[in-house]
Amino acid sequence: MKPIEEALRVAAESRREITTKVVALQRSEKPSVAEKPAAPIDVSRLAHSRSRSIEVPRAVLERSRIISAAGQDPATRAYKLLRTRVQQRMDHQRWQTLAVVSPGAREGKTLTAINLGVALASSEQRTALLVDCDWRKPSVHTYFDFKPDCDVLMYLDGKSPLSAAIVNPGIPGFCFLPCRAPIARSSERLGSRKVAAFVDELKKRYPDRTVIFDLPPVLLTDDALSFLPHVDCVLVVVEDDRTRRDDIKKVLQLIGPDRLLGTVLNKSSLELAGY
Amino acid sequence: MNQPPQEKTLQDLIGVLRRRWRVGLCGFLAVLVPAVLVALLLPATYRSTGTILIEQQEIPQDLVRTTITSFADQRIELISQRVMTTTNLLGIIRAHGLYPDDFDTKPREVIIERMRGDISREMISAEVVDPRSGQPTAATIAFTVGFDSRSPQTAALVANELTSLYLQENSESRRAQAAEASSFLSGEAGGLAREIAVLETRLAEFKQRNLDRLPELAGLNQQLYQRTETDLADIRRQRGVLEERRIYLQSELAQLNPSAGLVVGNGQVVLEPRDRLRALQAQLAAMQGIYSDRHPMVIRTQGAIDALEAELGVEGQGSPQALRAELARLEALRGSLIDRYTATHPEVERVDRQMSALEAEIEQAERDGARVAPGREYEQVASNPAYVQLRAQDVVAEAEIAALREREREVAARQADLEERLTQTPLIERDYTALTRDLETARARYQQIRFGERAAQTAENLELDAKGERFTLIEPPLVPQQPVSPNRPFVLFIGLFAALGVAVGLVALREELETSVHGPTQLQAIVGAPPIGVIPRIVTDADRARTRRRLTFGAVGATAVLVLLLGAAHSLVIPLDELWFRAIRRIGA
Numbered sequence: 001m002k003p004i005e006e007a008l009r010v011a012a013e014s015r016r017e018i019t020t021k022v023v024a025l026q027r028s029e030k031p032s033v034a035e036k037p038a039a040p041i042d043v044s045r046l047a048h049s050r051s052r053s054i055e056v057p058r059a060v061l062e063r064s065r066i067i068s069a070a071g072q073d074p075a076t077r078a079y080k081l082l083r084t085r086v087q088q089r090m091d092h093q094r095w096q097t098l099a100v101v102s103p104g105a106r107e108g109k110t111l112t113a114i115n116l117g118v119a120l121a122s123s124e125q126r127t128a129l130l131v132d133c134d135w136r137k138p139s140v141h142t143y144f145d146f147k148p149d150c151d152v153l154m155y156l157d158g159k160s161p162l163s164a165a166i167v168n169p170g171i172p173g174f175c176f177l178p179c180r181a182p183i184a185r186s187s188e189r190l191g192s193r194k195v196a197a198f199v200d201e202l203k204k205r206y207p208d209r210t211v212i213f214d215l216p217p218v219l220l221t222d223d224a225l226s227f228l229p230h231v232d233c234v235l236v237v238v239e240d241d242r243t244r245r246d247d248i249k250k251v252l253q254l255i256g257p258d259r260l261l262g263t264v265l266n267k268s269s270l271e272l273a274g275y
Numbered sequence: 001m002n003q004p005p006q007e008k009t010l011q012d013l014i015g016v017l018r019r020r021w022r023v024g025l026c027g028f029l030a031v032l033v034p035a036v037l038v039a040l041l042l043p044a045t046y047r048s049t050g051t052i053l054i055e056q057q058e059i060p061q062d063l064v065r066t067t068i069t070s071f072a073d074q075r076i077e078l079i080s081q082r083v084m085t086t087t088n089l090l091g092i093i094r095a096h097g098l099y100p101d102d103f104d105t106k107p108r109e110v111i112i113e114r115m116r117g118d119i120s121r122e123m124i125s126a127e128v129v130d131p132r133s134g135q136p137t138a139a140t141i142a143f144t145v146g147f148d149s150r151s152p153q154t155a156a157l158v159a160n161e162l163t164s165l166y167l168q169e170n171s172e173s174r175r176a177q178a179a180e181a182s183s184f185l186s187g188e189a190g191g192l193a194r195e196i197a198v199l200e201t202r203l204a205e206f207k208q209r210n211l212d213r214l215p216e217l218a219g220l221n222q223q224l225y226q227r228t229e230t231d232l233a234d235i236r237r238q239r240g241v242l243e244e245r246r247i248y249l250q251s252e253l254a255q256l257n258p259s260a261g262l263v264v265g266n267g268q269v270v271l272e273p274r275d276r277l278r279a280l281q282a283q284l285a286a287m288q289g290i291y292s293d294r295h296p297m298v299i300r301t302q303g304a305i306d307a308l309e310a311e312l313g314v315e316g317q318g319s320p321q322a323l324r325a326e327l328a329r330l331e332a333l334r335g336s337l338i339d340r341y342t343a344t345h346p347e348v349e350r351v352d353r354q355m356s357a358l359e360a361e362i363e364q365a366e367r368d369g370a371r372v373a374p375g376r377e378y379e380q381v382a383s384n385p386a387y388v389q390l391r392a393q394d395v396v397a398e399a400e401i402a403a404l405r406e407r408e409r410e411v412a413a414r415q416a417d418l419e420e421r422l423t424q425t426p427l428i429e430r431d432y433t434a435l436t437r438d439l440e441t442a443r444a445r446y447q448q449i450r451f452g453e454r455a456a457q458t459a460e461n462l463e464l465d466a467k468g469e470r471f472t473l474i475e476p477p478l479v480p481q482q483p484v485s486p487n488r489p490f491v492l493f494i495g496l497f498a499a500l501g502v503a504v505g506l507v508a509l510r511e512e513l514e515t516s517v518h519g520p521t522q523l524q525a526i527v528g529a530p531p532i533g534v535i536p537r538i539v540t541d542a543d544r545a546r547t548r549r550r551l552t553f554g555a556v557g558a559t560a561v562l563v564l565l566l567g568a569a570h571s572l573v574i575p576l577d578e579l580w581f582r583a584i585r586r587i588g589a
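Taken in sequence, the protein lines are chains A and B. Note that the numbering used here has the first sequence beginning at 1, numbered continuously upward. Note that the numbering used here has the second sequence beginning at 1, numbered continuously upward.
The following block holds chain B by itself, in its conformation from the complex (with noise of 0.2 Å):
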């Protein structure tokens, strides 16, 4: 083994196959028997298959919009997970007879795992551009379901089940799924709506609760608020006016004299009283500073005064006015007389006394209140013409006057009032604003959600009426002529190459193993020279004799083994007829 690596030529290789043929031959035939006989006795599996489209919604999507959104191999992974159920195939397994010499044996899971291996399922793929995106790819357009069986029958009556199964659930769960959508939809249109009416109760009490105080009535309360400013200022107006108006009348009134003035009959106008008495006093004081107090004259004047002021109702010391002015008098007598005199004299200390008597009595008076206004019932007899029209509207005057002050007053209040409901608005405001968003929102959220609802519920129709995006058959599951499976010629070739596999490897591993010298060229190898001598074998006529004789041996014995075994399976196990029949069928298939 340690000898330096040569290069093969053909004549070792030759020498190998020479050598080696018996065990080259051993090994093909050792693998390409068995192979032949499997490829040969494999029994046929045959495979019936139905195609299933997937079709487009009928309706367009921008007019009705499905609910159901996933996949097309979604879906159809989906189904298949509900068709593949323990209990769908299990009833099938049943309704066929599939199986049988498994079924009462095996557990069930096995069986429903091999039932899963038989059925076969393909996804046929269309190269699309996705309308969307603009990319190309891979859209499911259809797909095959199929169940393998050694009776091309069962294979095709099971496929026949199984694709009406995915097209059962197809059509199932799009309409479930689609009345999920539909009815979730209205379930939440209905709590939305139930919020909607609590937000709506809360809001119309709040209302109640604040009805002038709203915000949205701020403007107007403005606005009113305004009116009555201006209302206000003109009733003040009005009011100034007809005060100014009034002074006036009263300052004409104080010029005119109430009663008309007498003329007798000689055209000497008779003195009014007050105005008598005016005189009167005027003399009394004149005669007061030429005569003392008990002259005659003095006290006549005095008499007449007091029984004018009687008539007149002034009374002339009562009156604290009066008495004022007689304290005033008094004192301005006694300035003039402390001039002249001490104080000590007596006539200084009379007006003293006398000026002391007067505060008393002014006292008195404050003390006893105000005395009805004097003249009044003087007044009503009033009998100039003159007077009495300007009285009268100086009476119309002053009615007005007050009728405008109580307006003052209520148009004062109702401002008043509106002022408060401007400053009140704000602080509403924010819960008012809160209040109305949550209904808005609500309110948004349940058109949104009718609008959906609305949707899926034509989305239901669609899928109800089978308008939607639907599975056909469109090729049914036939009953397969030919066998899918085992591909004969390709097993027996498969096997062939193996055989020449196994016994190009069991040579080259004989040889690897092999211990002695072959050739010539592995002897000089060995030595380092070349052989001297390469003497062949030498073949005697007895070998010759002896070769024949083995090869008739080998094949006379051969032949009669063949025979036998023939003989023996034809009787035994298959007539050799069928059986050849047989074979030339399968690989004809």
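Just chain A, with the same shape it has in the complex (with noise of 0.2 Å):
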């Protein structure tokens, strides 16, 4: 318990100091973050000029259980936690792309890929991207309630720029790449050449970006696993009192232990203590 104990000081540290920073940052340079999307000062930020902002009331994101970086709620902080300790991973092994897994279907992967994504895009110096990569049942784009006109399909396909198929819905240094609608032969195409240039290519444009990709169950389907070989590392999400233990031993054994960044406890009944 001591190292823990130990990390978590340390972590609520860094969390105060990064909370600080976040709402200096806000209060001085985006009063309404809704309103003027397209104003970034941050040079780092500049792509985001190019691509489409969208509005998403607070209502909507309050109701798709996405965290505001200002907010003091118990599970703000626990995603905040899990942010540093992700970007403190990523940043020791030099990695820039993670795969947000889990065994099962709605244990809460792309929610977590969501929270994570706005919680990496509210530090300093840091953009996040979120890639749809669950191409049989693609959600990221309903948690904003935002119906896109491109998605990450049409840019693979040619039919249309990168720029116009990432959204940002709002908040500072967060986009996320739709999937408008499931398609067929799913798998083989997360598995293409294809695919893995095109994540090289998110890789190389923006070295300052983590890039985080949303996949379909492990074990429900061979989709993760045939995307899984052109990402970094891999974030298992498990659901408290849901998920089956074989299927996390599992989904385990098919990442193997060197890309596994780690597991997160999603649901969990355990509240964070107060603060």
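Simulated from the structure, these hints should not be mistaken for lab results. In this text, a Cβ means the ideal position worked out from N, Cα and C, and glycines have one as well. Be a bit skeptical, because a hint or two may be false.
Said to hold, decoys possible - If we take Cβ atoms under 8 Å as the criterion, some of the chain A residues that face chain B in the derived model are: (1) R65; (2) A75; (3) Y79; (4) L81; (5) V238; (6) D241; (7) R245; (8) V264; (9) N266; (10) K267; (11) S269.
Please dock the two separately framed chains into a single complex, following the hints provided.
The structure is reproduced here in structure tokens:
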């Protein structure tokens, strides 16, 4: 328990630091995030100027359980704890791409991916791009109550530029690349060289950007397995009281120990102590 | 399941409760509700109990010992068996209309068994020190008889009946036991008396048969024998004295002349014929030496001798003695002759002839037998007073001797008889002793039995007067005010415990069967590293609203169902107010 407490203490300190920074940033630069999404000052965020910005009402975000970087609720704190650990580990390994998977469906992959992206983007010098790679049941855009015109598949097919497909939901430093509708032969496409090249391109184009891939359930389809070779590391989401222990073991076996960034216990009944 | 065992923390427990409270609650209610129903609806059973004291005998045991020796417990068991007979129980069941629902439908044995189950009996013991052994023992001093029934009145009635049955059975059985002991002993005594009578008759007959030889007379016989011996010796001694005296008398007589010497006028004593005979014989012998036989002098002398002999009754030549004397004389003569002459000398021959003639004569005389003792007639005319006196004494002595002889014979015969008795006594003694011993034994036993019989009769009287150990009803069965069972709080308590147990068990089972991961600790156990993030469940306003809505619906629905159920129960089963009062009463009771 001692190292955990120590880690928690360290994490709490870093989070406080970050939060003050973010708050200061928001107050000084972005008094209204929703209204002026396309006014980035930071150079690293210039890319967003080219992407499409949408306005997402706060109620929608709340309903979708998407955190706000300035929130003080336990969930936000928990996501920020996760964010910091992920960030530190990835930086240590110089990893840039991260796949979020889970053994089964509806265990919180997509929400974890979104909130992790939001949390990552809230830190200085850092942007996050979430790519919806669940091409069987794409759902990232529904969290923002948004119907995209272009998507990642259109870009891959060369039907639209990447900038047209990337969406900024009004959260600074955070964009997502949606997928509009399910497609056939998703696993083959996910495992294709084209997708590999796309992932490489994303990495190279934005060196200070963390790219998060939302993937289908590992044990229900082979989509995730097909795609996993393209990413640097994997984050496994597990739902508390629901995910079966055997399934977790299977998933861990499939991923292998080298690229496992860690696990996230989602929908936990354990509340983080108030602070 | 193959994860390493971990410490369960309070948080784990809370997590389990949070996850499984529904299962637990279901199990809890599923057990508790029936338990509560049972506790409330179980019909009350009332027990009425009577206490019966076992009272000790009033008369001290040292004075009158009862013939009932069994222990109180044993007796109570015995009486119970008598009380609990099917007949008795059926009688009670009929009299009080017990078990009305089952009496006609179920087999009799089942009803009786049920009745036996409803009858309760308890011994009340006290720690006492046994006066005989000095060791502390538990003595039953009382016992209770009770009966369980749904109705307190019935319980009391039946318990009353049962206690009175116990009391009655006890006195009856004690009396019967005492009477039995007494009658048995009487029978024994009668048999022994008959045996003794037979033995006595036999002994009497035996005594009759061996009157004189009985061993008990042996001493007397011995004494008698000794006395006869003394008598005999005495008689012999007397006889000896008398005989000596007689010899003396006879010698005196022999010296006296029976006839007193006749003195003639010239002072010459007239010789007695015998003396004259002797003198003549002497003269004759002298003459024969000088003269021949034909000498006149010899002839004359011979003639005188013969006359005298005739007078005296002496057969001179006729008697064998005389003949022998003559023979001896002749022999002597021959001896003197043979010195001088040869055997052929005429003189010798003549003597020989005479001798042979004499011998023939002696033989002749001896053949003719003894002659009458000579001189008897003669003696009657004895005239010498001294001789007569002596002669009288002699006769007396002779008579006495004869009497003594007779007596001696008698005593000797008596002695022989006694001797025979004494020798036969040991032979008879064996049989006699056997007979006597049998009789003695029989008498001793009879004595003993008679004593026992008297004691048994006393004990019987003791029982008849109810002065022995007896049962006293000290606490009659009363109508119970409170039910003895069910112990409703206890049932409730047990139900509560069981419900808790079932709830815990169900939760544990559910948890054990669970395959999903719970909490970061478990996850760490699987992954090998703690999760890098633990995200709490995010509850939105919409979620809260939904939960509220659900709760409201649930509460409203449950209330509606409850009201409906209560309404149905009120109208169909039992009015609610009555149910309420009943429940209150039962809980209170």
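### Task
Quick one: which hint numbers does this structure break? Sort them smallest to largest.
Every hint satisfied by this model.
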